[in-house]
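Engineer: What follows is each chain in one-letter form.
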Amino acid sequence: MTATTLQPAINVLPSKKTPIILTVIAVITFFSFGLLGNDQAAHFTLNSAGDAFELPELVLPGRITNIVFGVLLLAIAAYSWMQRKQGKALATWMIAVAAILFVLGFLVWVVSGANINSISLASLLAGGVVLAVPLVFGSLSGVLSERAGVVNIAIEGQLLGGAFTAAIVASVTQNAFAGLIAAGLAGAVVSLVLALFSIKYVVNQIIVGVVLNVLVSGITGFLFTTVMQEDPELFNSPVHLPVVEIPLLSAIPVIGPILFKQSVIGYLMYLAVFLVWFGLFKTKWGLRVRAVGEHPKAADTLGIKVNSIRFWNVTLGGIVAGIGGSFFTLVAIDSFTKEISGGRGFIALAAVIFGRWNPIGAFLAALLFGFADNLQVILTIIGTPVPSQFMAMLPYLVTIFAVAGLVGRSRGPAAAGEPYVKE
Amino acid sequence: MKLELRGISKAFGSFYANKDIDLTVDDAQIHCLLGENGAGKSTLMNVLYGLYQPTEGQILLDGKPVEFSGPGDAMAAGIGMVHQHFMLVPVFTVAENIALGAETTKAGGVLDLQVTRKKIREISDRYGFDVDPDAIVEDLPVGVQQRVEIIKALVRDARILILDEPTAVLTPQETDELLDIMRQLKANGTSIVFISHKLREVRAVSDVITVIRRGEVIDSVSPQASTTELANLMVGRAVELNLNKAAATPGAAALEVRDLSVVDPAGTTTLDSVSFTIHEGEILAVAGVQGNGQTELTEAILGTQPVTGGSVKLAGEELVGKSVKSILRSGLGFVPEDRSVHGLVTQFSIEENLVLDLYDRPPFGKGISMNLEAIKKNAKEQIEGFDVRTDNPLNPASSLSGGNQQKVVMARELSRDLKLFIASQPTRGVDVGSIEFLHRRIVAERDKGTPVMIVSTELDEVMELADRIAVLYKGRINGIVPGDTSREVLGLMMAGVSQEEAFAQAEYSKADNEPVEAQPASEHDNQEGEAQ
Amino acid sequence: MSEKAPVVPDSGKPGNDLLRQITQGPGLVSVLGVIVALVIGGLLIAVTDEKVGETAGYLLAKPSAFFSEFWRAATESYVALFNGSIYNSTQGFKPFLETLTVSTPLICAGLGVAVAFRAGLFNIGAQGQIIIGSVLAAYIGFAWHLPIGLHLLLVIVFGLLGGAIWGGLVGLLKAKTGAHEVILTIMFNYVAVYLIDFLMNTQAFRRPGETNPISPILDSSAIFPAIPGSRLHLGFVMAVLLVLAVAWMFKRSTVGFEFRAVGHNPEAAQTAGINVARTTIIAMALAGALAGAAGVAQVAGTEKVLTGGIAGSLGFDAITVALLGRSTPWGTFFAGLLFGAFQAGAVNMQITTGTPIDIVSVVQSLIVLFIAAPPLVKAIFGMNRKKKRSSKLEPTKAGAK
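Protein chains in written order, with the UniProt record's numbering: chain A, 1 to 423; chain B, 1 to 532; chain C, 1 to 401.
If you are wondering where the hints come from, they were derived from the structure by calculation, not from laboratory data.
A couple of the hints might just be wrong.
Subject to a maximum C-alpha distance of 25 Å in a straight line, what follows is the list of computed BS3-like cross-link-like pairs (lysine-lysine) [stated by the list, open to error]:
#1 85/A x 176/C
#2 366/B x 251/C
#3 325/B x 376/B
#4 305/A x 106/B
#5 448/B x 245/B
#6 19/B x 64/B
#7 282/A x 106/B
#8 251/C x 376/B
#9 119/B x 282/A
#10 186/B x 64/B
#11 17/A x 176/C
#12 282/A x 261/A
#13 322/B x 366/B
#14 305/A x 261/A
#15 198/B x 186/B
#16 313/B x 325/B
#17 88/A x 251/C
#18 325/B x 251/C
#19 282/A x 118/B
#20 419/B x 322/B
#21 338/A x 282/A
#22 366/B x 325/B
#23 419/B x 313/B
#24 366/B x 377/B
#25 16/A x 176/C
#26 106/B x 118/B
#27 186/B x 19/B
#28 377/B x 251/C
#29 176/C x 325/B
#30 380/B x 251/C
#31 366/B x 448/B
#32 380/B x 366/B
#33 322/B x 176/C
According to the in silico footprint, chain C covers these stretches of chain A (three or more CB under 8 Å from chain C) [said to hold, decoys possible]:
#34 102 to 108
#35 349 to 358
#36 366 to 379
Glycine residues also receive a C-beta, built at the ideal position from the N, C-alpha and C atoms.
For reference, chain A alone in the conformation it holds in the complex (with noise of 0.2 Å):
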């Protein structure tokens, strides 16, 4: 009667989604993109205006480009099914590699297509880090406070806050610096509401964070029209802040305007992805941090103050928020408008989440969505077969399936959203 045999382990095999998706993506770079894409070729131009030097236009032929994209992503959906097969997943730089081509393909496909067969690539690059700006910041705002185990629904309402607060001092004030820093601390107090609700309060975070984006756009809704709208000159007229170029490196093709010809809010973008990442990973207080959003309970046995961790990390989350959203009023558009932030700290949550809770992944998330946005602003001018809401919808249908599980499985700090009340 006793069982005493013993069997060997048996191996769960890693999910089938990731085989399934590149298979799903190499038939369609095959099939759709491919054999019944369109002939002609697509140009891409890889230079700005004022260039150092001029590169080649890049000309791909439409549909042989995705036929040999498209055996491409077969071999690696094959290699994908074995290797499965064998229990092991696919290495990142595999799906990175198959995400890059899909990507290039869809491109080939849509401009081969359209009424007008080239874009400039370095147009596109540069447009979509510019509208990637607030997101990023949006992101890592996200990304601060989710660490610390809050859980931040409210970045659409800091950005707004911040967008709101920088017109109206860099406006009054007459000078953009002064709006800028009056937007982090705008998207510090919406902040200090989260914070103060959720942490002192234990108020469900997510409630809050849904209930706070409605107040800030009906506070800047409401005074917009009872105070803007009354003196424009006087309270909606934000001096810019200038753009900032670097000399030579900013000549340097597609690199240069990115990198090297930016606002001021640009760079301090670059430098808040450094700083996050660097406090978060390599410091005493990001370990801290971390620790809190992980496991309070463990935190608080030693020594560490949970809520007043959280509560400083949801606050300086807001400042950068509210700096990212000053974005939209200092350098993007020249005054307020209602909602002016649009839904975009929404998609910076999905950026969060999508860059796994990573500062860095999660600016690339943002880079992606905002490459994606730009993308569809061109692809309209350009007159493609596709349809630019469908592109527009791009970024929340990734995040669909990135928390879906279909790109990885994404494991948010363990106690993000529970509140800690000691017993």
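Knowing the structure of chain A, use the given hints to seat chains B and C on it.
Structural biologist: Below, chains B and C alone, put in the same frame as chain A:
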């Protein structure tokens, strides 16, 4: 360091979890706090560690009164604590976990883990811990995680170490290793407060045993006190180990489990080709140290745990692959091991909890409508029948004491005609009065002819209820023995000794009348601390 | 710890606090929360009022003028709000009919959020569910031409179905992959927004000869009969019936029992044989259907056409309605009426006093915040002196430091 607690009381509202407790732990002493679950041991230690503020009383270290506003203060004063549920961040490395809260940094707050790694290696070498500073904690076995906790305390120069139920999650070997570590720590001058309710371990390692019951100190005794004496002190009355149940009259085979296996998501085999049969009208008790596959076994039968192989037949009908609902429908009564997580919706009323798995069948439910009158009537009957102490069946289940909550679960599961009854830890955290009541109910169900399976980590309970005993060890059945098998044999089997050898060893030790520790080294000698 | 403090035998899980916060709460605090929110809204109105600003200039010279203007500005708006939503001397109680009209979709969508809450799900996706519901309902309404009775019935059925699909998809993804419904619903909202934007630019949905994205008017057979002289339509009765149905479901049906069990404790529900995945999918689909009903009320009742902005901010208002109504059916009903009155009255307020409608969002969100944090309201009214001692134990130092 010498620790004194003077007149410590800790009240939650009007309830005193600790009342007027005096306790003195001498330098380099292993002092055991012995008491049942819920006696107030952990509360007392949380007070000592600064997690709770005492309502009254004083803590003295080396004669000087101290006050802790948080664990940070306690640590600074030289007190370290290993919690029963480890306070480790699972995704951090060992070094990160140990550095946390006492980080060494370079300029600008930049973390310097080299210093921590060096300290870990030092301590690890000194005590033979074999801990890799760069391993991720969640990948480590439980026993190693516990060592990380101990290192954490030692790195902080803890001179008094509190170990809260440290052996609950350990295998017998790991338990023995831990007891050795405790002796070594003591030899190095560390005082240890050892919290446990396991008599044998306590007697093996303690210098002094203080018994706590219902939040008060009952007595301090020496480890030479007999097991019965300690048990009586702990429980507060002569422990009657005899239920006076009639002999079983087993009928036909009812539940047949064949080669049942479960592999967890991490790929570990938690249940390994388990086979056994339960007949009508008998109680099969599954004994074993916690975490040897008991949870997986019961959940696999219930259908909440996906199985990787094997079959479960109830009255000839295959259960594997069926939904939980249809398995319950085929006549299974199931009492889960953790009532507040799996057995009750604590926010629901007692009334609703009494129909939690019956709500959609007559007389309580028909189609999608429910009969509230029938539910009310049922509640009244069950509350009376099981003597559930409450003034209103509409109160939430959370308002009940542990024992009464367990009665609600039992009442519900026994309120229908059963073809099989499974109860895990049927009396965990239940007051003594209710234990006897619940045991009688279980035996009564057996006497109705129902096959019964009891899973318990408490050997006393197993021996009291079982007609036959199956011992689970590392996910496998290490033998099925008669209900009157001796404690020694069961202990050895729970430690992994094979059935034949366990009987042989028990015979030998009885004949020799010697403590097992003194036996000549054998293949299994490192397991005998638990066996004794 | 091996033992818990016996005063809290129900340690529960943190997730349960959400339900407790939403479903329980003293009535007095709710009323006081509403008052505080209204007062803050009044202050905001007064502070930004032009005349108040002028009198503030000579505040020291003539303080009485300042304070009377301040009072005027704040109260004038609220009086206008009341006149536009409940009663005024020229129209009598006719404005109340408008309140009921505006409340109808709020109640339906609020129920959608509330049902999900009860099943432990946070449905931020009412917005998208309303959109998809109204798209389907409107299409049946203008593209199909059916007999009276049947037509409206099909409009309702397809509206509910549209919402149910959009909500059910989220439930399905959550049940099968464990993805968090908050993120999913937010993303589904945006997908719906772009989807309707796309559809409104297609032949099938664009009204012939129209350059603006607006659909044909729904057939008269597809529209709720209305009370002559007002916009109030039979959709309100549908909302009331839905409230009754949801109330019955929670109290007396096995489905409601399953929702609540899964919402409080999915582990125990699973052990009791309840299929948690299925319950999640059904709950989200049902929540979506209720939100879809709001879409039906919009296209087949109030608006009679489909536009890209058909859902307005209904989906987010619905969250505040459900929260204020503590996720009970009748609570949601009355919260829907209250917020409906705000929104109906705000139109009149903007016309007569120039106070922007946005003030309603401010007041609504403040109400929800205050009601979610009773200790704050109590502190404002000095009600928690007795409890000070126990609250000292709370780890609230972080806020103070």
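Engineer: None of the hints should be skipped; say for each whether it holds.
Structural biologist: Hint by hint, here is what the structure shows:
1. Restraint check: the Cα-Cα separation between residue 85/A and residue 176/C comes to about 22 Å, which is no more than 25 Å; the hinted pair holds.
2. The straight-line distance between the Cα atoms of residue 366/B and residue 251/C is roughly 14 Å, inside the 25 Å bound, and the hint therefore holds.
3. For the hint linking residue 325/B to residue 376/B, the alpha-carbon distance of about 23 Å falls within 25 Å, and the restraint holds.
4. Distance hint between residue 305/A and residue 106/B is fulfilled; the C-alpha atoms sit about 22 Å from each other, no more than 25 Å.
5. At roughly 13 Å between alpha-carbon atoms, residue 448/B and residue 245/B fall within 25 Å of each other, so this suggested pair holds.
6. Among the hinted pairs, residue 19/B with residue 64/B is consistent with the structure: their alpha-carbon atoms are about 22 Å apart, no more than 25 Å.
7. Only pairs whose Cα atoms come within 25 Å are accepted, and residue 282/A paired with residue 106/B is accepted, the gap being roughly 11 Å.
8. Restraint check for residue 251/C and residue 376/B: satisfied, since their Cα atoms lie roughly 14 Å apart, inside the 25 Å limit.
9. For a cut-off of 25 Å, the pair hint linking residue 119/B to residue 282/A stands: about 20 Å separates their Cα positions.
10. Distance hint between residue 186/B and residue 64/B is fulfilled; the C-alpha atoms sit about 22 Å from each other, no more than 25 Å.
11. Simply put, residue 17/A and residue 176/C have alpha-carbon atoms about 12 Å apart, close enough for the 25 Å limit, and the pair holds.
12. Our distance criterion of 25 Å between C-alpha atoms is broken by residue 282/A and residue 261/A, whose separation comes to about 29 Å.
13. With a C-alpha separation of about 22 Å, the suggested pair residue 322/B and residue 366/B falls inside the 25 Å cut-off, and the hint holds.
14. Among the hinted pairs, residue 305/A with residue 261/A is inconsistent with the structure: their alpha-carbon atoms are about 42 Å apart, more than 25 Å.
15. Restraint check: the Cα-Cα separation between residue 198/B and residue 186/B comes to about 20 Å, which is no more than 25 Å; the hinted pair holds.
16. For the hint linking residue 313/B to residue 325/B, the alpha-carbon distance of about 16 Å falls within 25 Å, and the restraint holds.
17. Distance restraint check for residue 88/A and residue 251/C: the Cα-Cα separation of roughly 50 Å exceeds the 25 Å cut-off, and the hinted pair is therefore not satisfied.
18. Under the criterion of a C-alpha separation no larger than 25 Å, the hint pairing residue 325/B with residue 251/C is consistent with the structure, at around 22 Å.
19. Of the pairs offered as hints, the one joining residue 282/A and residue 118/B holds, with about 18 Å between alpha carbons and a cut-off of 25 Å not exceeded.
20. At most 25 Å may separate the alpha-carbon atoms for a hinted pair to count; residue 419/B and residue 322/B meet this at roughly 16 Å.
21. Of the pairs offered as hints, the one joining residue 338/A and residue 282/A is violated, with about 40 Å between alpha carbons and a cut-off of 25 Å exceeded.
22. For the given pair, residue 366/B sits about 16 Å from residue 325/B by alpha-carbon distance, which is consistent with the 25 Å threshold.
23. Annotation: proposed proximity of residue 419/B to residue 313/B holds, straight-line Cα distance about 12 Å (limit 25 Å).
24. For a cut-off of 25 Å, the pair hint linking residue 366/B to residue 377/B stands: about 16 Å separates their Cα positions.
25. For the hint pairing residue 16/A with residue 176/C, the CA-to-CA distance comes to about 14 Å; that is within 25 Å, so the pair holds.
26. For the suggested pair residue 106/B and residue 118/B, the alpha carbons sit about 16 Å apart, so the restraint of at most 25 Å is met.
27. For a cut-off of 25 Å, the pair hint linking residue 186/B to residue 19/B is broken: about 29 Å separates their Cα positions.
28. Restraint check for residue 377/B and residue 251/C: satisfied, since their Cα atoms lie roughly 17 Å apart, inside the 25 Å limit.
29. Taking the CA atoms of residue 176/C and residue 325/B, the gap is near 19 Å; set against the 25 Å cutoff, the hint holds.
30. Of the pairs offered as hints, the one joining residue 380/B and residue 251/C holds, with about 19 Å between alpha carbons and a cut-off of 25 Å not exceeded.
31. Between residue 366/B and residue 448/B the alpha-carbon distance is near 29 Å, which puts this suggested pair outside the 25 Å criterion.
32. For the hint pairing residue 380/B with residue 366/B, the CA-to-CA distance comes to about 21 Å; that is within 25 Å, so the pair holds.
33. With a C-alpha separation of about 19 Å, the suggested pairing of residue 322/B with residue 176/C holds against the 25 Å cut-off.
34. By the rule of at least three residues with a Cβ nearer than 8 Å to a Cβ of chain C, the coverage given for the stretch 102 to 108 of chain A is violated, with 0 such residues.
35. With 3 residues having a Cβ less than 8 Å from any Cβ of chain C, the stretch 349 to 358 of chain A passes the three-residue criterion, so the hint holds.
36. Here's how the stretch 366 to 379 of chain A fares: 0 of its residues keep a CB closer than 8 Å to some CB of chain C, so the rule of at least three is not met and the hint is violated.
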